[in-house]
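Visitor: These are the residues of each chain, in order.
There are 2 protein chains.
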Amino acid sequence: MTLIQNMLDSARAAANVLATSSSEARNGALAALAEALVARQTEILAENAADVAEAQKAGRPRAVVDRLALSPKRVEEMAKALREVAALPDPLGEIYDLTTRPNGLVVGRMRISLGVIAMIFESRPNVIPEAGSLCLKTGNAVVLRGGSEAARTNGVLGAILAETLPAAGLPAAAIQVVGDPDRRHVMKLLEARGKIDLLIPRGGESLIRFVDEHARVPVILHYKGVCHVYIDREANLEKGLDILENAKVQRPGVCNAAECLLAHADVAKKFLPRATEVLQASGVELRGCPRSRAIVPAMKEATDADWGAEYLDLILAVKVVDSLDEALAHIARYGSSHTEAIVTENYTNARKFLAAVQSSCVCVNASTRFNDGGQLGLGAEIGISTTRLHAYGPMGLKELTASKFVVLGSGQVRS
Amino acid sequence: MTLIQNMLDSARAAANVLATSSSEARNGALAALAEALVARQTEILAENAADVAEAQKAGRPRAVVDRLALSPKRVEEMAKALREVAALPDPLGEIYDLTTRPNGLVVGRMRISLGVIAMIFESRPNVIPEAGSLCLKTGNAVVLRGGSEAARTNGVLGAILAETLPAAGLPAAAIQVVGDPDRRHVMKLLEARGKIDLLIPRGGESLIRFVDEHARVPVILHYKGVCHVYIDREANLEKGLDILENAKVQRPGVCNAAECLLAHADVAKKFLPRATEVLQASGVELRGCPRSRAIVPAMKEATDADWGAEYLDLILAVKVVDSLDEALAHIARYGSSHTEAIVTENYTNARKFLAAVQSSCVCVNASTRFNDGGQLGLGAEIGISTTRLHAYGPMGLKELTASKFVVLGSGQVRS
Numbered sequence: 035m036t037l038i039q040n041m042l043d044s045a046r047a048a049a050n051v052l053a054t055s056s057s058e059a060r061n062g063a064l065a066a067l068a069e070a071l072v073a074r075q076t077e078i079l080a081e082n083a084a085d086v087a088e089a090q091k092a093g094r095p096r097a098v099v100d101r102l103a104l105s106p107k108r109v110e111e112m113a114k115a116l117r118e119v120a121a122l123p124d125p126l127g128e129i130y131d132l133t134t135r136p137n138g139l140v141v142g143r144m145r146i147s148l149g150v151i152a153m154i155f156e157s158r159p160n161v162i163p164e165a166g167s168l169c170l171k172t173g174n175a176v177v178l179r180g181g182s183e184a185a186r187t188n189g190v191l192g193a194i195l196a197e198t199l200p201a202a203g204l205p206a207a208a209i210q211v212v213g214d215p216d217r218r219h220v221m222k223l224l225e226a227r228g229k230i231d232l233l234i235p236r237g238g239e240s241l242i243r244f245v246d247e248h249a250r251v252p253v254i255l256h257y258k259g260v261c262h263v264y265i266d267r268e269a270n271l272e273k274g275l276d277i278l279e280n281a282k283v284q285r286p287g288v289c290n291a292a293e294c295l296l297a298h299a300d301v302a303k304k305f306l307p308r309a310t311e312v313l314q315a316s317g318v319e320l321r322g323c324p325r326s327r328a329i330v331p332a333m334k335e336a337t338d339a340d341w342g343a344e345y346l347d348l349i350l351a352v353k354v355v356d357s358l359d360e361a362l363a364h365i366a367r368y369g370s371s372h373t374e375a376i377v378t379e380n381y382t383n384a385r386k387f388l389a390a391v392q393s394s395c396v397c398v399n400a401s402t403r404f405n406d407g408g409q410l411g412l413g414a415e416i417g418i419s420t421t422r423l424h425a426y427g428p429m430g431l432k433e434l435t436a437s438k439f440v441v442l443g444s445g446q447v448r449s
Numbered sequence: 035m036t037l038i039q040n041m042l043d044s045a046r047a048a049a050n051v052l053a054t055s056s057s058e059a060r061n062g063a064l065a066a067l068a069e070a071l072v073a074r075q076t077e078i079l080a081e082n083a084a085d086v087a088e089a090q091k092a093g094r095p096r097a098v099v100d101r102l103a104l105s106p107k108r109v110e111e112m113a114k115a116l117r118e119v120a121a122l123p124d125p126l127g128e129i130y131d132l133t134t135r136p137n138g139l140v141v142g143r144m145r146i147s148l149g150v151i152a153m154i155f156e157s158r159p160n161v162i163p164e165a166g167s168l169c170l171k172t173g174n175a176v177v178l179r180g181g182s183e184a185a186r187t188n189g190v191l192g193a194i195l196a197e198t199l200p201a202a203g204l205p206a207a208a209i210q211v212v213g214d215p216d217r218r219h220v221m222k223l224l225e226a227r228g229k230i231d232l233l234i235p236r237g238g239e240s241l242i243r244f245v246d247e248h249a250r251v252p253v254i255l256h257y258k259g260v261c262h263v264y265i266d267r268e269a270n271l272e273k274g275l276d277i278l279e280n281a282k283v284q285r286p287g288v289c290n291a292a293e294c295l296l297a298h299a300d301v302a303k304k305f306l307p308r309a310t311e312v313l314q315a316s317g318v319e320l321r322g323c324p325r326s327r328a329i330v331p332a333m334k335e336a337t338d339a340d341w342g343a344e345y346l347d348l349i350l351a352v353k354v355v356d357s358l359d360e361a362l363a364h365i366a367r368y369g370s371s372h373t374e375a376i377v378t379e380n381y382t383n384a385r386k387f388l389a390a391v392q393s394s395c396v397c398v399n400a401s402t403r404f405n406d407g408g409q410l411g412l413g414a415e416i417g418i419s420t421t422r423l424h425a426y427g428p429m430g431l432k433e434l435t436a437s438k439f440v441v442l443g444s445g446q447v448r449s
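Which chain is which? The protein sequence lines are A and B, in order.
Residue numbers for the first sequence follow the working numbering, beginning at 35 and rising by one.
Residue numbers for the second sequence follow the working numbering, beginning at 35 and rising by one.
Hints are computed from structural coordinates only; laboratory data are not their basis.
Don't take every hint at face value.
One copy or two, either will do: identical chains are not told apart, so a pair holds if it fits within one copy or between any two.
With a straight-line cut-off of 30 angstroms between C-alpha atoms, the simulated DSS-like cross-links for lysine-lysine are [unchecked claim]:
(1) 222 with 258
(2) 229 with 386
(3) 91 with 303
(4) 222 with 107
(5) 386 with 222
(6) 432 with 258
Keep in mind that this is a model prediction, so the values were computed, not measured.
Turn these sequences into a full structure, and let the hints steer you where they fit.
Guide: Next up, the structure:
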């Protein structure tokens with residue numbers, strides 16, 4: 035059981051090399067990794083086919099198999115993502131917040147790497163190149179532990195990375211994949227206090243809960259998204275329909291999709307029938323509160339379990355509220371700190387919603403689907419944090435760094 | 035043993051009120067607290083005198099008694115610090131990093147509070163108004179647990195705060211002091227996962243270690259300071275003497291004081307005798323490596339225990355190194371990620387030191403004593419973090435906040 039300890043020690047040594055490596059070296063390695071993935075895709079696809087066959091034989095749900103399965107197109111997408119990360123500006127060494135103090139000291143902050151990052155994730159093998167590249171770009175060593183259903187795919191991806199990095203002049207241990215599917219290795223990672231600077235779990239609710247319960251290392255949770263769209267009394271209902279449809283239907287299986295509609299009573303009579311029509315055309319099942327069902331009897335009855343539910347599916351909870359305050363109270367009680375949107379033309383209500391809602395992303399007249407690193411301009415993201423410490427919302431390159439103070443003096447002493 | 039649970043539940047409710055309270059309300063409360071401390075100083079000093087008498091009777095070290103003892107002047111200083119925090123700009127609600135996306139979305143970040151903060155600290159009762167005011171200013175509720183030797187002083191300070199806050203229109207539970215000295219309450223705090231958003235321990239090494247070992251809640255460590263001053267081959271030796279003297283002598287008992295001098299071999303012969311003269315005049319005991327002692331035989335012999343030692347006293351370890359690289363390697367091995375300084379006129383060496391040293395504050399031609407929130411322009415500080423996540427170096431008001439994304443649209447949906 036010293037496997038994890040050895041991996042973390044190698045990761046620390048690699049992190050120390052990466053911390054002062056040049057942009058050129060890190061970007062060159064990313065380009066080499068992209069090339070290697072494409073060059074060795076036959077190997078990758080063969081191992082992946084074996085994983086997929088086993089998952090099918092074991093009767094795993096279709097969604098799991100879909101997330102697991104790779105294709106030449108998906109491998110090319112992985113390679114493309116690596117090249118895109120290489121093309122992003124280097125965050126390391128960036129100096130910002132420079133000021134000159136009264137005594138002439140020039141004080142600023144300089145971005146540095148965090149050190150050793152660990153990721154525990156499920157299914158999708160593309161997490162390996164994705165997280166690997168973001169960590170490499172930011173000078174962090176990373177240890178990745180994927181689900182057992184992708185063991186062969188993860189193994190070959192890990193082997194390709196480990197073989198390519200030294201050829202590009204960087205330590206093989208910069209990106210390591212835990213190959214052994216023994217679950218005890220997960221506990222070893224969670225307990226490696228002092229050896230892991232940040233652990234990011236990515237996956238379903240039970241994985242996140244498990245990590246949250248047992249982790250002794252610093253963790254940033256990427257938890258569930260129970261996102262609300264509130265249609266204000268002074269909403270432009272056309273915008274409301276577009277935003278609601280987009281938030282619910284465009285990609286219902288992701289965390290920034292809407293799960294609950296809150297409609298102000300004064301517009302509910304007009305809005306709910308039209309919303310029902312639009313959403314039902316896309317196959318959405320609506321589950322309404324009694325007042326919603328009084329307007330649209332075709333809605334199913336919502337139960338207590340529907341408030342705060344993360345469907346990740348074509349289902350929407352619907353509730354009529356009497357005021358913005360009631361909407362805010364509902365969000366505070368049932369929201370998951372992920373993303374909420376208000377649709378309104380009223381300036382004061384927009385400001386109030388922006389200030390009062392404490393979720394990681396608050397939208398005015400825009401779809402909840404915009405809570406995404408790429409959409410918000412971060413360039414890339416390793417996930418969306420729903421905990422406030424260090425990072426809240428999409429985590430891009432900057433969120434994978436720390437900053438130290440730099441003090442440029444000319445002989446100053448403190449008096 | 036539900037005391038802590040009840041306090042944390044009240045703290046959460048208070049945090050929810052504080053999160054959307056006005057600057058005016060929070061600053062008004064700070065002014066009222068300052069006034070109350072001065073108005074009730076007789077009471078404070080009486081309780082403090084009892085604590086001091088007991089500590090003396092128990093034979094506590096003089097340094098402990100000194101840190102514990104209050105005077106009318108110290109109470110006035112507490113009140114002054116509260117007024118200064120009130121005068122700082124409000125970080126809450128600040129919107130920054132605003133950009134316009136190609137689709138017209140205006141995206142930015144808005145500062146919000148963290149939620150519930152806990153502090154575990156030793157001796158100094160002034161931590162209560164200090165940390166209390168910084169948390170209140172940043173919209174966070176705080177639960178403070180001080181050392182048992184200051185139980186009476188902490189109790190009366192807590193009572194004054196709790197009575198004053200509601201009169202100023204804010205919840206009494208915004209600042210709470212754990213009065214019961216039972217040590218089990220500390221464990222309850224450390225285990226209150228989900229109820230505490232950030233725990234900050236402040237005190238000696240054993241307290242920090244205990245917290246680090248047992249905490250199940252997010253922690254930012256304010257660990258020891260083993261600060262190095264490196265005199266480069268191309269140092270201006272006059273600047274070097276001033277900086278070294280200031281870093282060692284000005285206030286030897288604090289974490290940003292220098293504990294180790296590294297001198298390049300090419301200047302050691304010239305520098306060490308003069309440094310010895312200057313430091314011995316202030317009563318500093320020097321403990322040198324063999325090469326240092328060959329130059330200044332009066333130095334005591336350094337043992338292995340001296341490298342990496344935090345003396346917090348008038349003692350300095352001295353080592354001759356052959357290169358900047360050797361100095362960097364020594365710092366990487368024995369430093370505590372706190373503060374290091376290089377004295378040099380060489381541009382390339384200065385840049386190399388700045389980039390390579392990963393401590394929370396890196397100084398060129400300036401004293402290590404500048405690693406301090408006030409000196410670096412943060413206005414106030416709650417401590418100096420030696421861990422990289424969320425905050426590294428002095429933690430000011432901004433470091434007690436999180437940021438959410440705000441998205442201002444005009445009906446945009448994601449395609």
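Visitor: So, for every hint listed, does it hold in this structure?
Guide: Hint by hint, here is what the structure shows:
no.: 1; hint: 222 with 258; verdict: both (25 angstroms within a copy, 27 angstroms between copies)
no.: 2; hint: 229 with 386; verdict: between (43 angstroms within a copy, 26 angstroms between copies)
no.: 3; hint: 91 with 303; verdict: neither (50 angstroms within a copy, 76 angstroms between copies)
no.: 4; hint: 222 with 107; verdict: neither (36 angstroms within a copy, 52 angstroms between copies)
no.: 5; hint: 386 with 222; verdict: neither (45 angstroms within a copy, 37 angstroms between copies)
no.: 6; hint: 432 with 258; verdict: both (23 angstroms within a copy, 27 angstroms between copies)
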